[in-house]
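Novice: Chains as they are written, first to last, in the numbering used here: chain A, 198 to 481; chain B, 4 to 161.
There's no promise every hint is true.
[To be verified] Result set (DMTMM-like, lysine to aspartate or glutamate): computed pairs, CA atoms no more than 25 Å apart in a straight line:
id: 1; chain 1: A; residue 1: Lys387; chain 2: A; residue 2: Glu229
id: 2; chain 1: A; residue 1: Lys387; chain 2: A; residue 2: Glu244
id: 3; chain 1: A; residue 1: Lys387; chain 2: B; residue 2: Asp111
id: 4; chain 1: A; residue 1: Lys387; chain 2: B; residue 2: Glu41
id: 5; chain 1: A; residue 1: Lys387; chain 2: A; residue 2: Asp374
id: 6; chain 1: A; residue 1: Lys387; chain 2: B; residue 2: Asp120
id: 7; chain 1: B; residue 1: Lys12; chain 2: B; residue 2: Asp111
id: 8; chain 1: A; residue 1: Lys387; chain 2: B; residue 2: Glu103
id: 9; chain 1: A; residue 1: Lys387; chain 2: B; residue 2: Glu6
id: 10; chain 1: B; residue 1: Lys12; chain 2: B; residue 2: Asp150
id: 11; chain 1: B; residue 1: Lys12; chain 2: B; residue 2: Glu22
id: 12; chain 1: B; residue 1: Lys12; chain 2: B; residue 2: Glu73
id: 13; chain 1: B; residue 1: Lys12; chain 2: B; residue 2: Asp24
id: 14; chain 1: B; residue 1: Lys12; chain 2: A; residue 2: Glu229
id: 15; chain 1: A; residue 1: Lys387; chain 2: A; residue 2: Asp403
id: 16; chain 1: B; residue 1: Lys12; chain 2: B; residue 2: Asp120
id: 17; chain 1: B; residue 1: Lys12; chain 2: B; residue 2: Asp51
id: 18; chain 1: A; residue 1: Lys387; chain 2: B; residue 2: Glu22
id: 19; chain 1: A; residue 1: Lys387; chain 2: A; residue 2: Asp362
id: 20; chain 1: B; residue 1: Lys12; chain 2: A; residue 2: Asp374
id: 21; chain 1: A; residue 1: Lys387; chain 2: B; residue 2: Glu73
id: 22; chain 1: A; residue 1: Lys387; chain 2: A; residue 2: Asp372
Rather than coming from a laboratory, the hints here were simulated on the basis of the structure.
Read off the chains here:
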Amino acid sequence: MSVSAAERQIPEPMAPVPWRILDVRREVADGEVFTWRLRPESGAAPEARPGQFNMLYLFGVGEVAISVSAMDGDGSLVHTIRAVGSVTRTMQGLRAGDVVGVRGPFGSAWPVEAAEGRDLVLAAGGIGLAPLRPVIHAVLARREAFGRVLICYGARSPRDLIFRDELAQWQARADLDVRVTVDRGTADWKGDVGVVTQLIDRGGFDGRNALAMVCGPEVMMRFSALSLHRRGVVPERTFVSMERCMRCALGFCGHCQIGPHFVCRDGPVFPYPVMEPAFRVHEL
Amino acid sequence: MNELLEILKGQHFFEGLREADLRLLAAGASLRTFRADETLFREHEEADAFYLIRSGRVALESRLPGRRAEVFMTLGHGEVLGWSWLMPPYRWHYSARALEETHTVHFDAPALHACMDRDPVLGYALYQRFAALIVQRLQAARLQAMDIYGGGDVGLGG
């Protein structure tokens with residue numbers, strides 16, 4: 198699954214290329230989560246696979262790893278960003294027409310092809326829905342190739358739900374089972390309340406023949422894997438996407454290392470059994 | 004009776020129970036439907052049943068003085084609702100309200116208590132399942148209390 202930058206023939210993988218922000222979309226009311234559609238100043242965006250990430254560089258401020266949240270096939274790439282650190286908070290102030298540096302795409306991809314012929318369970322927590330969105334797009338493009346498709350999405354509160362319009366479209370489809378829950382409801386919230394693992398516990402898929410992809414906070418991924426296992430999904434067919442502070446994105450610097458694994462090069466998508474031991478180590 | 008038996012056989016919660024146990028459970032069960040907003044049970048009332056939700060959704064809520072009822076969990080298809088019938092004081096700790104038309108299987112607790120007293124194998128099998136359910140819900144409640152989406156590790160998004 199992992200394809201190195203050299204194998205992908207990124208000519209200068211350490212050199213950011215200028216990309217222009219085509220449009221900005223606020224995902225939540227306060228704009229803390231926002232989506233950029235980006236395109237290189239010259240040429241089209243390189244091909245990316247679901248689960249991969251780019252290094253987005255804000256000149257003079259810093260660089261962050263951000264997953265691709267959609268590939269529109271029009272030469273642009275889409276990234277969904279949460280303003281949580283100094284770089285991403287500064288990015289929050291950028292507008293359409295501004296230019297940022299981009300390196301990538303890097304890293305391993307979700308095993309979409311391996312899910313063909315199987316039931317597919319996608320479990321997302323918070324902004325973890327963003328790296329899974331290209332999987333949903335890929336599945337919908339070839340819906341007949343997959344069995345039942347279950348999307349379980351959990352967020353802190355109704356106001357923290359992202360991709361609301363698309364969520365509504367997915368929920369309206371008869372060939373997707375989309376379950377959304379929030380940890381804390383509000384007076385006008387009519388949906389589910391509780392953690393995302395409970396949505397998995399409700400079943401509705403053939404665990405023995407299912408493949409699962411999980412993305413969110415590590416504790417959520419750990420408990421989701423437990424719920425999936427209870428429902429018969431073997432750990433070897435459960436995949437998680439890891440997040441670590443990345444610097445080079447090429448497996449050189451070691452900033453993102455987890456044991457023998459470089460998250461930037463070997464991940465961010467890993468089979469659960471590869472990462473499970475790391476979940477048991479404090480402070481790792 | 005046969006319809007109920009077939010329903011129970013298809014449920015994850017009852018997997019592994021003996022055929023005779025399922026028949027006994029089915030004998031003390033009935034199908035019940037609740038309209039949207041109808042109450043299944045209220046906190047402090049006698050806990051004399053548990054439910055298997057066949058379709059629809061149920062909100063578990065608690066009413067605090069001067070505040071609206073706080074929904075802290077919703078349950079849906081295939082989930083089991085209610086364990087207060089298992090242990091003293093046999094009172095519901097929370098209220099349960101249907102959020103939409105909800106079809107359930109209702110299990111009569113006093114009848115079940117008597118069966119479990121007579122047949123410890125059945126009693127043990129049911130306690131095992133309810134213990135697992137309670138642990139699962141406890142883990143979920145802890146995750147909920149942790150505010151896990153508040154931190155920075157959220158999937159290569161920032």
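Novice: Now look at each hint and say whether the structure bears it out.
Specialist: How the hints compare with the structure:
1. A:Lys387 x A:Glu229: At roughly 24 Å apart (the allowed maximum being 25 Å), A:Glu229 and A:Lys387 satisfy the hint.
2. A:Lys387 x A:Glu244: At roughly 40 Å apart (the allowed maximum being 25 Å), A:Glu244 and A:Lys387 break the hint.
3. A:Lys387 x B:Asp111: violated (30 Å)
4. A:Lys387 x B:Glu41: Given that 25 Å is the threshold and the Cα spacing comes to 15 Å, the pair holds.
5. A:Lys387 x A:Asp374: holds (17 Å)
6. A:Lys387 x B:Asp120: Violated - the C-alpha atoms of B:Asp120 and A:Lys387 are around 41 Å apart, more than 25 Å.
7. B:Lys12 x B:Asp111: Roughly 18 Å separates the two Cα atoms, so the pair holds.
8. A:Lys387 x B:Glu103: OK: A:Lys387 and B:Glu103 at ~10 Å, within 25 Å.
9. A:Lys387 x B:Glu6: violated (32 Å)
10. B:Lys12 x B:Asp150: It is violated: about 37 Å lies between the C-alpha atoms, which goes past 25 Å.
11. B:Lys12 x B:Glu22: At roughly 9 Å apart (the allowed maximum being 25 Å), B:Glu22 and B:Lys12 satisfy the hint.
12. B:Lys12 x B:Glu73: violated (34 Å)
13. B:Lys12 x B:Asp24: The given pair, whose Cα atoms are some 11 Å apart, holds under the 25 Å limit.
14. B:Lys12 x A:Glu229: violated (47 Å)
15. A:Lys387 x A:Asp403: violated (28 Å)
16. B:Lys12 x B:Asp120: holds (23 Å)
17. B:Lys12 x B:Asp51: Distance of about 23 Å is within 25 Å: holds.
18. A:Lys387 x B:Glu22: violated (39 Å)
19. A:Lys387 x A:Asp362: holds (17 Å)
20. B:Lys12 x A:Asp374: This hinted pair holds, its Cα atoms lying about 23 Å apart.
21. A:Lys387 x B:Glu73: Judged against 25 Å, a Cα distance of about 13 Å means the pair holds.
22. A:Lys387 x A:Asp372: Distance ~22 Å between A:Lys387 and A:Asp372 Cα, so the pair holds.
The structure is inconsistent with the numbered hints 2, 3, 6, 9, 10, 12, 14, 15, 18, although it conforms to all the rest.
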